[in-house]
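Keeping the supplied structure of chain A fixed, place chain B upon it in accordance with the hints.
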Amino acid sequence: MSQATESTYYVPHLAKWPIVGSVGLTLAAVGGALYLNGDTGPWLLYAGLAVIVYMMFGWFGEVIAESEGGMYNQRVDTSFRMGMIWFIFSEVMFFAVFFGALFYARMFSVPWLGGEGTGYATGALLWQGYEGVWPTNGPANLGGEFETIPAFGLPLINTLILLTSGLTVTLAHHALKKSNRRALVGWLLATVVLGFTFVYLQATEYIEAYHELNLTLGSGIYGSTFFMLTGFHGLHVTLGAIMLLVIAIRAMRGHFTPEHHFAFEAVAWYWHFVDVVWLALFIFVYIL
Amino acid sequence: MSHATTHEHDHHDEKPKGFVKRWLLTTNHKDIGTLYLIFALIMFFIGGAMALIIRLELFQPGLQFVQPDFFNQLTTVHALAMIFGAVMPAFVGLANWMIPMMIGAPDMALPRMNNWSFWIMPFAFAILLSTFFMDGGAPAAGWTMYPPLVLQGGKNVAFMVFAIHLMGISSIMGAINIIATVLNMRAPGMDFLKMPLFVWTWLITAFLLIAVMPVLAGAVTMILTDHYFGTSFFNAAGGGDPVLYQHIFWFFGHPEVYILILPAFGVISEIIPAFARKPLFGYTAMVYATASIAFLSFIVWAHHMFTVGMPLGGELFFMYATMLIAIPTGVKIFNWVSTMWQGAMTFEAPMLWAIAFVVLFTIGGFSGIMLAIAPADFQYHDTYFVVAHFHYVLVTGAVFAIIAAVYYWLPKWTGHMYDEKLAKWHFWLSVISVNVLFFPQHFLGLAGMPRRIPDYATQFVEFNMISSIGAFVFGFSQLLFVYLVWKTAKGGEKASSRVWKGAKGLEWTVPSPAPHHTFQDNAPVNDADLAHGSAH
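In order, the protein sequence lines correspond to chains A and B.
Take the first sequence: its position 17, counted from the start at 1, is 16 in numbering that gives the first Met the number 0, and no numbers get skipped.
Take the second sequence: its position 267, counted from the start at 1, is 266 in numbering that gives the first Met the number 0, and no numbers get skipped.
Rather than coming from a laboratory, the hints here were simulated on the basis of the structure.
It is possible that part of the hints are untrue.
[Stated by the list, open to error] Here chain B is said to cover these stretches of chain A; the calculated rule only asks that three of the stretch's residues, wherever they fall, bring their Cβ under 8 Å from a Cβ of chain B:
| # | region |
| --- | --- |
| 1 | 10-24 |
| 2 | 108-119 |
[As the list claims (entries may be wrong)] Derived, one-sided and incomplete: chain A residues facing chain B with beta-carbon distance under 7 Å:
| # | residue |
| --- | --- |
| 3 | 7 |
| 4 | 36 |
| 5 | 78 |
| 6 | 89 |
| 7 | 92 |
| 8 | 93 |
| 9 | 137 |
| 10 | 141 |
| 11 | 184 |
| 12 | 185 |
| 13 | 216 |
| 14 | 220 |
Keep in mind that this is a model prediction, so the values were computed, not measured.
We put the CB at the ideal spot given by N, CA and C, even for glycine.
Only chain A is shown next, with the shape it has when bound in the complex (with noise of 0.2 Å):
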């Protein structure tokens, strides 16, 4: 057994996680279809979730101890480096597509409906009476009449919220690199209680718009556009709170050297891009 040198690239061999993520990603998805289509209940989309959450530990696991063992060197680190960025580009296009429909509906569908510029005729002869003003759940009232949430209440404390969780995560960035490892975690572990915070108030607007407002995924195309961008951007900060519980509790184990950290740079970048994305949100589901 003999440890890379900094010459060599470290080749992986006998990887055992990625056929198991495999499997995971096929019981989800075959059991998510089942229970979509009413055949059978969750459990095998549960059973697929858990194999891959399993899979992440082990993955994880695995590189987190060849990281820890001195395996990687320089190269190594930039090949993670481009795989996290570009994983984040392939995102910024995911949530592109559902921008893209808000602005579509907004500035083209829903207006024509209206009878506006070439849609005329589809006004006059279709929707007779429909005025295609936004917010709107089209000409047929699809779910019934409902209550947008106002931006400068809740949204506004999520933004608050959210950017002050961008600025604890830069301080614990600077705590790291002079290592500094009691401010590193508590600036840490304050940024994930700012990211669960924000997903337990999405979830009480959630209900709230279910329960008071009758906004619900059926309301036309505002509800369509409002939970799918906004559902999944909380899903996106779930998934990143969790991550920077894991990058959390591996600095408490003592990980992570101030020149050496790449996961934790790699968390932050993507904790910043759900940022981003919320002010995006912010700015044009909410307050446009």
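Frame of chain A, contents of chain B only:
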């Protein structure tokens, strides 16, 4: 942990023992490349079998063999299998095999993730193909999955959407790996403008993949929620718009067609100089042309939707933007021709396929320009002319390039020369039959035969019969290819390191078959070995 026990084998050409260790748990770029290529070949035959049932039904008007709904399932899954199951994995397989060897890297940048990228694919396609055996059958709304039709699918909708999600995860991870490999793993001295064009085209393709696979994922996610969760993205009654889907889909779909063809351009740019015994004409122009095509691919999507009722300004913009693509594509074609000009050419199988590519892909490109003309497209839209067009660019384009690549690099992979005589039989049978198959479809389309129908009016009989005959000859000719590859893998005349006299590039400096682990870090890069080493 596993690395401790296997590390001592690192520097030898020793493959892991046992099927599971060798193939299921592999992190070796060559083995993963082989897996991709075998998977692609299997999907090529599954998708091909569907195509043959389609052509069998269309041999005569009337319904003889299949019901219309099953016919629609076949056209839908044929396309999904060929695009996501055959052509894309085949190119990823070639990338896996060749990119580390071409740039002097020890392996792909993220070898474990490389394994996962592959091993998602068989599961994703098992899920997709399983829909044939469930209530209501497979998806039948076409591979473009347009709502509202696709929303009327039965239980297959969720399976289709999740299968596409899995394929997307696989593609994105594969693309990330390729970018990280090309940017980070080049041996010292392998400058960007010394990289082989295959590496260049794949680098740009990988950017496209990461940019648009999430877009497809988002589009099908909205299909899922519209079908199962009562959202109204594509429902006008709720303020949405089915046309929104088309915009999103083709924002993915147009870059996707370049994902299918750019690596083919790379392959052809490797092969033609080798057999013309001349450096590639206009190497840097080729690189810039590839990048231009990639950029333009993001601003032309609505040329797939000219008849959907867009505002006039949109029709004009997308028409002119589309025609711009002819410029960088023309640069490529003229450069290939100029490379051959006054070259000392020989016509081994890879070169034959490459020349066929240049000629036949150009036909597909010309019919593409015809389709780009918005007013004319109102006549061609959704006819067999479109079918002819994209089969010229995808079959005689992408698939021909893949076959050319296999003949070109097979001696390097296996250490044996293939049977040249049999390969020529394969080529001539294929190149004649594929034109018998697809060329008459231009006439069918111009005469007004719609695509995706199981039955047709009697004036279309002759051309359909000719086309079906071509289909069966072409399909069965490919069995010859399988036999040839299998025979070459088993044995045959020993291949030298160089294999082809005029071939340049690092891959030809290592023995044939290439050792399981080709290069350590800091592989020696000798400008004289490179195709483009001294030109700059």
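### Message
Hint compliance check: list the failing hint numbers for this structure, sorted ascending.
### Response
Violated: hints 11, 12.
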